[in-house]
Amino acid sequence: MTAARSRADLCNNLALRKASRYLGATYDKALAPLGLRATQFSTLQLLSVHEGMTITRLADMIAMDRTTMASNLKPLEREGLVTIEPSATDRRARTVTITPGGVARMKAALPLWESAQAEFETKFGAEDAARMRAFLEAVLDTGFDPWAE
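Anchor point for the sequence shown: position 142 equals 142 in this note's numbering, and the numbering is continuous, going up by one each time.
Everything labelled a hint here was simulated from the structure, so no lab data went into it.
Computed from a prediction, not measured in an experiment: that's the story for all the values here.
A portion of the hints provided could be inaccurate.
[To be verified] Each computed DSBU-like pair below joins lysine-lysine, with the alpha-carbon atoms no more than 30 Å apart: (1) LYS123 - LYS74; (2) LYS123 - LYS29; (3) LYS18 - LYS123; (4) LYS18 - LYS107; (5) LYS107 - LYS123; (6) LYS74 - LYS107; (7) LYS107 - LYS29; (8) LYS18 - LYS29; (9) LYS74 - LYS18.
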């Protein structure tokens, strides 16, 4: 085995990204009939639970930098699924709110998401899936600050 090959086999980032692309494409395919990507569904779902969050808070909850989050919100705003307005308490911040249309789309997509979730847990194992989510959540507590300037 070459040194380059062994580094690829040991790379945590590569392994995570490969699995993420694979699983993400699976959820994207499941949600496609309703015109949503998995990341958009997750965003709508979070907004349906937490009313009127700033873009920064939403980005933190999804573990994404603010600029990328703002870009990802644009298609949802164009489709009328979310609104983005200046914060009433801080004019520098922008608040994202799910619209009734966004709630309806998220609710319509829920059975598609549930089906993809159930199929993954059947094939991967529900206990292994729960452990995987716990391990991945722990990655967020490793102390890195990837979006610091």
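Hints and how they fare:
{"no.": "1", "hint": "LYS123 - LYS74", "verdict": "violated (35 Å)"}
{"no.": "2", "hint": "LYS123 - LYS29", "verdict": "holds (17 Å)"}
{"no.": "3", "hint": "LYS18 - LYS123", "verdict": "holds (18 Å)"}
{"no.": "4", "hint": "LYS18 - LYS107", "verdict": "holds (29 Å)"}
{"no.": "5", "hint": "LYS107 - LYS123", "verdict": "holds (25 Å)"}
{"no.": "6", "hint": "LYS74 - LYS107", "verdict": "holds (20 Å)"}
{"no.": "7", "hint": "LYS107 - LYS29", "verdict": "holds (17 Å)"}
{"no.": "8", "hint": "LYS18 - LYS29", "verdict": "holds (17 Å)"}
{"no.": "9", "hint": "LYS74 - LYS18", "verdict": "holds (26 Å)"}
The structure is inconsistent with hint 1 alone, although it conforms to all the rest.
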